[in-house]
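**Q** Next come the chains, spelled out residue by residue.
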Amino acid sequence: MGKFKQFVTDFGLPRIIIFLFLVALFIAAPFVGVRIDASISDVLNRFGQNMLFVLAMVPMIQSGCGLNFGLSIGIIAGLIGSTLSVQFGLLGFLGFFGAVGMAIPFAIVFGWFYGMLLNKVKGEEMTIAMYVGFAGVMFMCIMWLVLPYSAPTMVWGYAGKGLRTTITIEGFYRQVLNEFMAIRIGNSFVFPTGMLLFCAFCAFLMWLFMRTKTGTAMTAVGSNPDYARASGISSDRMRTVSVIISTVLGAVGIVVFQQSYGFIQLYTAPLQMPFAAVAAILIGGASVNKASMVNVLIGAFLFQGLLTMTPSVINSALKTDISEVIRIIVSNGIIIYALTRKMKVAK
Amino acid sequence: MGQQSPILSIEHISKEFYGNVVLHDVCFDLKAGEILGLVGENGAGKTTLMRILFGMPVIAETGGYKGKIIIDGKEVNFSNPFDALDAGIGMVHQEFSLLPGFTTTENIVLNRESMKATFLNDIFGDRMSVLDRPDMKKHAEAAITKLGVKLDPDMLISEMPVGHKQFTEIAREINREQTRILVLDEPTAVLTESEAEVLLTALRNLAKLGIAIIFISHRLHEVVSVADRIVVLRDGLAVKDTPVEGVSVRDIASWMVGRSLSADIKQATEKRDFGPEILSVEHLWVDMPGETVRDINFSVRKGEILGFGGLAGQGKLGIPNGIMGLFPSGGKVRLNGKEVPLNEPRKALETGMAFVSEDRRGVGLLLDESLRWNIAFTAMQIQGKYLKPILGKLLTIRDESAMKKLTEEYIEILDIKCTSSSQKAKELSGGNQQKICLAKAFAVQPDLLFVSEPTRGIDVGAKKRVLDTLHKYNREFGMTIVMISSELEELRSICDRIAIVDEGRVAGILPPGAEMAEFGLLMSGEKTLAAQGADRG
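Chains as they are written, first to last, in the numbering used here: chain L, 1 to 347; chain F, 1 to 537.
Rather than coming from a laboratory, the hints here were simulated on the basis of the structure.
We treat Cβ as the ideally placed atom computed from N, Cα and C, and that holds for glycine.
Check before you lean on any hint, since a few could be wrong.
[To be verified] Sample of chain L residues at the chain F side, in silico, Cβ under 7 Å:
#1 K213
#2 T216
#3 A217
#4 P225
#5 R229
#6 A230
One chain only, chain L, in its complex shape (with noise of 0.2 Å):
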């Protein structure tokens, strides 16, 4: 009894719950037609599809600059790089790579400015970042229209010039990574081998950061600036470089979430994503000044879970479509709950 209850207060009993709750629908899912091992092939997907970006949460919660609700500014960076790979017609794992390899500068540059600006409102950081995200969503929505993008697959037909909302990415690097090693098992089973492996390639190189001298002083600067710079550290050094680490990772996160997906979502598309990385790695159990690769795992997991299961049970059970409606409860829902028990811990 002893051992349950500290496994419990270790794991966190919201976790145990949505745990309990996600495998309910698992058992519940055959009843209402919905067959099992699709979905277990939905949800990795969408978990290995996702993962980049709550990934992308850890440095600038470690480095104290909070959840980073701007993270459309490193999707946008990756949106660049994956329409100037299609513009120059780079195909297959060179499509793929290519986009990432043009976004990443990108997203450097956006980064080093979104941090020189956290720096300048510290306390407010997650505010600021959410109406930054906001702004650069629009601003880019006017870019697209008139950057001289002209590959056919890209632009409005008609007109023959401005991107279109929706690009499909046939042809070029779409599934390059799910389809990788993947592994078939029947018509609806497949394992994304190739984009799960990137994944993991990913947060094993963010484990060893977090432990590199420089990871350790970001650590240092997000729990005690005082203490950092009397250790001859710059905190606004260490929090800069966080918010473009994080912006990096949003934009190869996007590229990874696009092969996967088979389509460039542009104009105001952007917007909600980094709402979904923040309620996943809450649920983690991820804090507003602590988070960790476990965080981001359990969280990505089960928040994905929860969102792929809930609205195909759902709407069998009903015989309605109301999946975007609870989808948007229940990751919104997530965000109030798991920040609201934040604070009260931080206290």
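Go by the hints and put chain F onto chain L.
**A** Quick look at chain F alone, frame taken from chain L:
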């Protein structure tokens, strides 16, 4: 008094935190009009005991306590501080709980304001009453007079010196009609000695009015001078409960640490040879709020321990903070003949200096991180120690095992009480936290070490250990030390020379053996040194 029955009895109180016994079977009584001095080392359980008495929620959250608290013959069990207030217990906390933007009066009568009815009351009820300010002021003034101090009832808290804040806090507690027991947890820690003296007089006045007082303090001479009875806690046990008559500071100190304190390190007569000049400071100014340094010149020779003393607010704390780059500063600082760039903490550390800050919790520690991090961090960042290469030297990461070894070494050397090297710094007591701060500075192996108020707020045992450690590092490793302290006694026990800072300038430098009166002369004003004299027993 003598024969009347006790107003408060603490019977067989025990308490443990996470399996750690903090209090064990503590018993004592308190009579009306009595001042009880409660003393003990940090971590002896004083604060926990008071939290139990005051019904702080943290006690219930961590599993409650065993034993009984009896007030006026009735057993009580407070579930929150409000119950305790209703039962007549007033508490003055270590940290100020005052509203800075409110005046003295408003703070004293807060939530007990006198009300005046208006016509709106007829319609909306009592909630529409307005404040009766003249009457509030009368109440506040009554409380202040009762306390016997001078306080302006209309002054804003934010504009007051700390001493007045402390008085306001006490006045608030005694303004409550039913307050019969007053608990003061380290009320004099933030006061200057003259302010503390006024406070002690005020406490005696209150006791005469029949209020029972529990007085917790590290300043033993204050306890001896004000208390009627003394209870000594040691490792959660009440080891001594005795009337104060005939008890000396030295007796209490030895009860507290459980061993007789060896006589102060006498070194005044010792002949010492020092190396060449290691640090020279010319025309240093530092803009540190409350501790402004105006124009300081001094030099330190290798292997020396130089002390800086002086009254609070005269600028002695600004010296190390300025040289280490934590506050804006100017002037010329040379270490080993090389000029040290100011306003850059990193450069100061790189030239071979280290600093143990007076602000332990604010600057000195990573409270949420492990002891390993706390001790190894500066050495890692500045000197690249405790890192190991991986992936064929492609990357270097933290060497956790080396950090663990280092930390365990210092836990051993400094006798740090903790469960393991991965415990979080915030879970340690003040004295042990201070040892962690020292270990952090030692880990850098500096040529010159600044220690600022190394014994502030820590108990006698830890104090001695800290001073002995500094002494040992100086003698065995030839570490040059510049120590800043408000306690002259402490400076005199280990320093080779003592500089007294007054109004941001060095007023004079004396050998430690100099007469107390000479130090007194250097610290300007009408400061009495009697209090410190008492400390020597």
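**Q** List, from low to high, the hint numbers that the structure doesn't satisfy.
**A** Hint 4 contradicted; others consistent.
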